[in-house]
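A.B. asks: Here is how the chains run, residue by residue.
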Amino acid sequence: MNSPPPSLEDRLGASLLAVLLLITLVNVVVRYFTDQSFAWTEEISCILMLLLAMAGSATALVRDTHIRVEYFFERGSAQRQHRLALLSALSNALLFALMGVLSAQMAWDEFRYDETSPAIGVPKWWYTVWLPIFCGVVCARAVQRFQRLRGSA
Amino acid sequence: MIGALLFVSFVVLMLAGVPIGVALGLGGVLAIGLANMDSAHFGLLAVPQNFYASLTKYPLLALPMFVLVGSIFDRSGVAQRLVNFAVAIIGRGPGMLPVVAIMVAMFLGGISGSGPANAAAVGGVMIAAMARAGYPSAFSASVIGAAAATDILIPPSIALIVYSVLVPGASVPALFAAGMVPGILAGLALILPTIWLSRRHGLGQGEASQDRPPFWASMREAFWGLMAPFLILGGMRMGWFTPTEAAAVAVAYGLFVGMFVHRTIKWGDLFPIFKEAAEISAVILLIIGLASIFAYSVNTLSIIDPITQAILQTGLSSTGALLLLVALLLVVGMFLDGVSIFLIFVPLVMPLMRAYQWDPVWFGILLTMMVAVGQFTPPMAVNLMVSCKMAGVSMEQTFPWVWWLVLAMTISMLAVLFFPPLALWLPQYLGY
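Those protein sequence lines, which keep their order, are chains G and Z.
Its first residue numbered 1, the first sequence is counted upward by one per residue in my numbering.
Its first residue numbered 1001, the second sequence is counted upward by one per residue in my numbering.
It is possible that some hints are incorrect.
Distance windows between CB atoms, simulated [what the hints assert, rightly or not]:
| id | chain 1 | residue 1 | chain 2 | residue 2 | range |
| --- | --- | --- | --- | --- | --- |
| 1 | Z | Met-1037 | G | Trp-130 | 27 to 37 Å |
| 2 | Z | Gly-1134 | G | Val-26 | 46 to 56 Å |
| 3 | Z | Gly-1315 | G | Val-122 | 53 to 63 Å |
| 4 | Z | Leu-1005 | G | Glu-74 | 44 to 54 Å |
| 5 | G | Ser-152 | Z | Gly-1320 | 25 to 35 Å |
| 6 | Z | Gln-1428 | G | Trp-40 | 29 to 39 Å |
Don't read these hints as lab results, they were simulated from the structure.
Backbone N, C-alpha and C fix where the C-beta goes; we use that ideal spot for every residue, glycine too.
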């Protein structure tokens, strides 16, 4: 097996999933012994799941495993296939660049207006600030893919 | 006008092979921006807000957990032992191994929640065994691809978790209970054409001469796998865990069995397993997040209500509307995967569901059965793709076989359509 070394996003995604698993299991055990449940772990788990989605989106972009309609994508001349692959990478880059800017604005608003999270009551921007950062990572991976594709033409 | 642009831009991008989530997201962003030209930031702050809100729902956590369950049981050595036990029960003979494959896929459906993971687990064990017994690889791939489709009906099910997040009034436990009988029905419906095809074409002649494993020994070996559905479904039923927790417990159980009992999972395998499950989950989660932008745009433009009203005014009967929907989704299901179908179509048909007063749980099971059929209907058939890859055949080679199975499961779906108690009796009996 000559697979390339795992990227940072790979390690992050796998670790986030493992942490989510542990939090859920600990919740079961704690509730069994103490009849208490930790509402605050739900809020943490939700944020970790969001980050898992973003980290995994970046690795799926690199390995090109995102779900698409392959009917036209894999047919036609080599030139058309190449152009569609370029369009795909470009659309990814565009969407996540937009999402990055907009989510940065969202986090900034939450910071300015001192919004707090519903369950724990910590500043909400502590959570949302990660969204623009990860959008940036996914966008960078998309740009990287676009450049590699163009280089291979 | 903007509504038309929304759908056209989405469809064009999607057909061009842009990832489905990205096509939904870009279509949504475009339509929201155009509809709010005068507002601050063109109303686009709704984009990250919807994305954030749709992915921070706690019940959704069951999704990555059940994906992980699939990745682990895929490697836990449980499938091989279940196959041996099933052969010990029903014996050897022409047409028997494919039946074993279907039964084991259905049983694994009670552990994992995703069709492709199931096809990989069963295919890894059965394809070589069926080839040795004289079944053509294309036939084996068809049977396994179809049998694995029962996975998303038989609880637990990732598709039903997604549906539950989308539809208020359809809880995960109720949907899980409702999927049980239709899932078994769909599996049984596959067994008939499988036996008939084997007999008619004289397949599996080499099978009768192979050994039959001893009953008690193979049952002891299969014990750990046999207990898993009882732990998962029983634990939920007894109120020990929520669906998410049941999945986490199943992960722990699968890891224990795979690492210490069957010893098929090594410490070094853990990272690849978690990495794979994280990526598969993320691919689905991303579509969920981006589809929420699309759905927000559809709702704020109020496109759907006029269409729903128009349909109602034609005086189309409830059954007629359902059959039209079935026909539409069976076609769409050939090109789109199940989760995408749910995310795109459920928000669109919700007003129709309310207008005709369809039971949301029953309707969810019906949609899932259509998606299940789509999972092995060429050309866009996720399960069949997995089983064909493992069998080393092209999807075209399965055509002579797989259509019979598509027909059989479609008939079982129509049975649930015309006789709703098939889905609704069990959740009512259990009091959900």
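A.B. asks: Decide, hint by hint, whether the structure agrees.
C.D. replies: Going through the hints against the structure:
1. Z:Met-1037 - G:Trp-130: 27 to 37 Å: holds (31 Å)
2. Z:Gly-1134 - G:Val-26: 46 to 56 Å: About 51 Å separates the Cβ atoms of Gly-1134 (chain Z) and Val-26 (chain G), which means 46 to 56 Å holds.
3. Z:Gly-1315 - G:Val-122: 53 to 63 Å: 55 Å Cβ-Cβ, so the 53 to 63 Å window holds.
4. Z:Leu-1005 - G:Glu-74: 44 to 54 Å: Once the Cβ atoms are compared, 28 Å apart, the range 44 to 54 Å for Glu-74 (chain G) and Leu-1005 (chain Z) is violated.
5. G:Ser-152 - Z:Gly-1320: 25 to 35 Å: Given about 52 Å between the Cβ atoms, the range is violated.
6. Z:Gln-1428 - G:Trp-40: 29 to 39 Å: Given a distance of about 36 Å, which is inside 29 to 39 Å, the answer is holds.
Hint compliance for this structure: hints 4 and 5 are broken, all remaining hints hold.
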